[in-house]
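Colleague: Okay, here's what each chain looks like letter by letter:
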Amino acid sequence: SQQGEEDPQALSIQEGENATMNCSYKTSINNLQWYRQNSGRGLVHLILIRSNEREKHSGRLRVTLDTSKKSSSLLITASRAADTASYFCATDDWGGKLIFGQGTELSVKP
Amino acid sequence: NAGVTQTPKFQVLKTGQSMTLQCAQDMNHEYMSWYRQDPGMGLRLIHYSVGAGITDQGEVPNGYNVSRSTTEDFPLRLLSAAPSQTSVYFCASSSNRVREKLFFGSGTQLSVL
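Sequence lines, in order, name chains B and Y.
The numbering of the first sequence is my numbering, which starts it at 1 and goes up by one.
The numbering of the second sequence is my numbering, which starts it at 1001 and goes up by one.
In short, the hints are calculated from the structure, not lab data.
Straight-line alpha carbon distances no greater than 27 Å define the calculated DSSO-like cross-link-like pairs of lysine-lysine that follow:
{"id": "1", "chain 1": "B", "residue 1": "K97", "chain 2": "B", "residue 2": "K56"}
{"id": "2", "chain 1": "B", "residue 1": "K97", "chain 2": "Y", "residue 2": "K1101"}
{"id": "3", "chain 1": "B", "residue 1": "K70", "chain 2": "Y", "residue 2": "K1101"}
{"id": "4", "chain 1": "Y", "residue 1": "K1101", "chain 2": "B", "residue 2": "K69"}
{"id": "5", "chain 1": "Y", "residue 1": "K1101", "chain 2": "B", "residue 2": "K26"}
{"id": "6", "chain 1": "B", "residue 1": "K69", "chain 2": "B", "residue 2": "K56"}
{"id": "7", "chain 1": "B", "residue 1": "K97", "chain 2": "Y", "residue 2": "K1009"}
{"id": "8", "chain 1": "B", "residue 1": "K70", "chain 2": "B", "residue 2": "K56"}
{"id": "9", "chain 1": "B", "residue 1": "K56", "chain 2": "Y", "residue 2": "K1101"}
{"id": "10", "chain 1": "B", "residue 1": "K97", "chain 2": "B", "residue 2": "K70"}
With these hints in hand, go ahead and build the complete structure from the sequences.
Modeller: Dropping the structure here:
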């Protein structure tokens, strides 16, 4: 079964609002990564957070990691229409596999 | 700089036919992997490789074979295609064995009739 479970499955917001997506996982991880996929395209790496980190920022992205709850969240601040995409978390299980969640479909309306 | 190149972009097969999906990267990446993406299922790992001559199974390896004879290439073989293998297939690579940032190809859309 998949390591990461994402919530919500779909999210619709207005431009300028913040978007928060959550990811839960099951086993011990080395790191957790977030990727973005525009419709019909390959995935693009956004940000990585290691198991010994609690928070990381990159531009309008903020990622948190709570290893005690086995969960992570991705916050996109001041969303733009161009942020419309699917977002996936992926967990590295130390054993050679990078396992993806089912994704959150974000729609940002102008 | 081409990155990760997948061919073909689209393919239609009949049940029982065989084919090879090609994946090549020009970044000298050690780690390469194949995923399939189905609606509502996210991406599922099929096979991966941490270097030339080394391959291992992912989450859903049945029905697929891989080999890694060079650093650049990681082909995925379907020996006897089944309708359940209808999916979008993505190849991805990473600069080290720790898989800290995957670079993805643009995908192959496969239909098995």
